[in-house]
Every structure is written in structure tokens, then in C-alpha cells.
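**Student:** Residues per chain are reported as follows:
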Amino acid sequence: MNNVQSRTQPSPVSAVRIHEVRPPSLAVTNAVFIGRSIRHSLRNVESLLMAIMLPVMLMLLFTYVFGGALDPSGGYVNYVVPGIILLCAGFGSSGTAIDVATDMTNGIIDRFRTMPIRSMGVIAGHVVASLIRNLLATAIVFGVALLVGFRPDASLVGWLGAIGLIVLFILTFTWLFAAIGLVTGSPTAASGYGFILLFLPYLSSAFVPTSTMPSWLQGIANHQPITPVIETIRALLTGMPAGDYGWKAVVWCGAILAVALVWCGAAFRRKAGRR
Amino acid sequence: MKSYAVEVEKLRKSFGKQSVLNELSFKVAKGTVFALLGPNGAGKTTLIHILSTLIKPDGGSARIEGYDVVSAPEDVCRSISLTGQFAAVDEVLTGRENICMMCRLSGLSSRDSRIRTEELLAQFELESAAGKRAATYSGGMRRRLDLAISLAVNRPVLFLDEPTTGLDTVSRRSLWDMILQLKQQGITIFLTTQYLEEADQLADEIAVLNGGRIVAAGTAEALKSRIGGEVIELRDRFDQVVRTIPTNGSVNDVRQQLNEIAALYPPDTRIAIRQPSMDDVFLALTTNGTKEASLA
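Chains A and B are the protein sequences, given in the same order. Numbering of the first sequence is given in this note's numbering, commencing with residue 6 and proceeding in unit increments. Numbering of the second sequence is given in this note's numbering, commencing with residue 107 and proceeding in unit increments.
Treat each hint with caution, since some may be false.
Straight-line distance between alpha carbons at most 30 Å, and here's what the computed DSS-like set of lysine-lysine pairs gives [claimed, not checked]:
hint	chain 1	residue 1	chain 2	residue 2
1	B	LYS162	B	LYS136
2	A	LYS276	B	LYS116
3	B	LYS133	B	LYS162
4	B	LYS136	B	LYS330
5	A	LYS276	B	LYS123
6	B	LYS116	B	LYS136
7	B	LYS162	B	LYS123
8	A	LYS276	B	LYS162
9	B	LYS116	B	LYS133
Hints in this document: simulated from the structure, not taken from any laboratory. This structure is a prediction, so every number in the text was calculated from the model and none was measured.
Turn these sequences into a full structure, and let the hints guide you.
**Tutor:** Next comes the structure, spelled out in C-alpha cells:
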């Protein structure tokens, strides 16, 4: 019934030019994906609240419930704040694994891949949204910490250094969780694997000095990435010298970040690249 | 001079030991609707994935608008739009945000994207739901949104993988109308379907894919005539079709068939002689042995 050949009308009617449109630049592509992920974050109210409430609850718990026993002088809050911030960053960035896994299992990734764009921008979008989410949560944690007696003694340089390291830490873990989201088959599995990584802060000097641990555990606690990051942030905030911890923290984060980026690239190509 | 939108030559693909596409060859003329008809598992989606650069073929070649899918995937991506089997919309975003995002990703400026988005919302009758999240859309609305997204900018070839699967009759017919409108705009449409009626209604050319091979190709009329004239349809007293038998329509053949039927079926069985439907063609082509295959 429809054997009408209609090659004479090549154009759909549109008020804008939609023929031979040049593909968007990398900057525009990434901006669009970042905007998308931020919208996702804002609309996932439960996750957003959880990412903010959990660290606040933990800080109150550690300060008021355990703090008295751990340090009767009442100074525990100054000790625990960096640990809470990292715990909060780890928890906040773990959501990226779920976001990425969800995108990979939904047909939408196929559409992105068949568009003339660099489709890995979809992952970058989730990472940037996670960074923004986490920095917001970190700011709130700092605010609450100040209310419950946290008294940092940091210079401007100290603050900048601490914030810089927190940003690096968040990026590192977010890319790591993005890679986990890419290699696991489903959002549920992604959230399960992500959970394992969240135990790392407990096995570090985040909540108690490692010297109070049994010697075999000290070996683990002193040689895992969280401890130097915690010690560096703590030193920067309290105006003390960070010693070796500073460069160790940066090297640990840098190395994990590099591995996570390569892993992400490879996993994305395998899962969403041209096979 | 490129006169074909899609050219496929001896295309092969297997997953492990299982051969999915076996030396496929066919061409689709520009500005036409081409329907790839086949049962589940025939290899339809695999073929669409190869043609849209999502997976690589094992052998043979495929060109879209003259661009090879393996050696020039970027050019292919600039020539196509894919609407996958499951409506690929962002459920968290609203309908308007979905379309606007794809306009931006297709290269329109943010001002042009806003204008184009409103045009597409109107064209696909989504204005009233534009501000609602796509997760709340019905199946038909999701499909319309999906199609709207595919048309953000003008790409010469549109792939539709089972566009109406799971839709009710009304939504299906409205989607058909929209697909025919797109054809009027000169877009080459490559669709897969397992519904014969859909291929019959929409397509200029139909290819029947079964077991990784094209078992027949041509216009709906040509395919129907392949089955050889007409069919005798037998209905029982509940008006259920119990059998269809191909016939050449001659007195001799019909008499012979009737003799056999009279011996096998109760006397109140009713018969009719009619033109073959696409269903008859499909059954005849996708099962082995033409004679037995035409058993309904």
C-alpha cells in the first residue's frame, strides 16, 4: 500500500537547521553528561539524604557515644573528623558504581554509542556529579563538626591542602567505583562489591591510632592507602607537620587513580565499545 | 553516486560456536522502508547491532550510505539513528529533558535544541506529558519518546528494532502512521519485526530472516505469490481454522484436495478459498518442508 517513492522531499519541517549538523565538541558532550548526572543526583533524594545523613550520624555516634571512652579529655572530635570525612567520601562515591551499572544495563548506552560522540563522557558525567555531591556532604560534615566542638587550627595553606587531598581522594574512589560499576553485571552486584571497599577506613588510623591495634593488624593498617590520607588531613587541619604521610597519601591516591582510569577505559571499551 | 542506503554482502557473525548470521547479502534502496521479518532468535537484533556499529561482524561487509561499518564507524554514526529494542530513554529525566539532551548531543546549539524539542514533543503528541519523568510513561508514550529522540537531527537512515513489540493496537497503529510520515520525509527506514501485518503495512521490501539466512525477499505481494496462488482454509464448527492448504486454484487441484479433506475431517467442516496472508508465507518459509509447513 505504500509504494510511493518520496525522495523528492528530503527535509522534515523544522525551524532550526537539522541537516548535516556537526557533532558536538568534547566540552559540550561532557557538559551535557555532567548536567544529566547532576539531575539524577538531585532527583534521587533518598541517596542524597543518605550520603549526607550517614556521616553526620556517624560523627555524632563517635563523638558522643564512643568518644568519651576513647579519649576522656573530650578532644576525640578533633581526632575523628578526618576519618568521618573519608568514610563519607567513600560512601558517597560508592553510589557511582550503581549509577554506572544502571546505565550499562539500560538500552540508553547503546544509543549514546551509536551517536557521533565520545560516549565515555557518560562515565565522566557520573564522576563529576559524585564529586559535587561529596563536596557538599563534606561541607555539611565540617559544619556539624564545628557545632559539636571541632576546633581546627589550620593555616590557609593547610585548608587548601586538606581540601585538595579530599578532592583527590573523592576522585580516586569515584573512578574506582565507576570501574566496579562497569565490570559488574548489575546495579545490585555493583552495590555489593562497593560495600567491601567501605571497610577500609575502619582498618586505618581513622578512628583509633594504629598503635592500639594488635601487631599483625598494624601491618595492614599502616600500609593501606587510607592511613596516610587520614594522617595528612589530620595534620593539615591541626596545623601539625604531616611528615612522610603527605607524599605517601598523594602517591597512593595517584597510583590508585591511574589504575582506576585505565581499568575504566578498558572496561568501557569491552562493555560499551565497538566489539 | 550512492543509490543504496544499506548494502550488506556475505555478512557473517557467530557467538562462540553458534552461527548467528550466515553469509547475509541484501540491499536497501534510499528512501524506502525495509522490513526484516523473523522469529525470535533469527538474528535480527544482531544484524541491527552490526549495522549500527555496536558489534563487529566476523566476515563480509556492510555499508551504510556508502560508509563501511568496520572501517568508518564515525561516518556511519553520523548517518544513522538507532531506536533499540527496549525504549532507551532516561527514566529519571522528563520527556522534554530527554529530547533536549539528545538534541544537544546531536550537535544542536542550546537555543536550537529548545526549539527542536518543542517541535518533536508536538510531532509525537507528547506535549501534555513533557514535564513528567519518563519512568511514568506508558509503553506507547515511551516508544513515541524514543522515536522523537531518534529524530533530533536529520539522519538519512533510521533503524527501528521491533518498534511496536508490546504495544496495544491503538498505539501500534499510531506509531505506524508516524513511521510512514518519516518515510514521506525521505528517511530510509530499516525495521525489524516479528509481526507480519507490520511488515505488510509499512514495508516496500521485506526480507525474511530465519536461522541466520535470508530465506526470501521481495515486496509483500511477491512473497505472497511465492506460496503459489491461493490457500484452502478449513474451519471447524467453532469457526476455528483447523488447516490451511496451498492450492493453485485449479478445479483439478481443489477437487483432489477436497477428496482428501472429506476423508479426514467431519462433514460440518467449512471451507473457503482465499489469497495467502503473510502468516502463510511466514510459516511456509520459516519451517522446513513447504507442504507440511503450511499447516496452520
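**Student:** State for each hint whether it applies.
**Tutor:** Comparing the hints with the structure gives:
| no. | hint | verdict |
| --- | --- | --- |
| 1 | B:LYS162 with B:LYS136 | 24 Å, holds |
| 2 | A:LYS276 with B:LYS116 | 27 Å, holds |
| 3 | B:LYS133 with B:LYS162 | 19 Å, holds |
| 4 | B:LYS136 with B:LYS330 | 24 Å, holds |
| 5 | A:LYS276 with B:LYS123 | 21 Å, holds |
| 6 | B:LYS116 with B:LYS136 | 20 Å, holds |
| 7 | B:LYS162 with B:LYS123 | 16 Å, holds |
| 8 | A:LYS276 with B:LYS162 | 13 Å, holds |
| 9 | B:LYS116 with B:LYS133 | 11 Å, holds |
The structure is consistent with each of the numbered hints, conforming to all of them.
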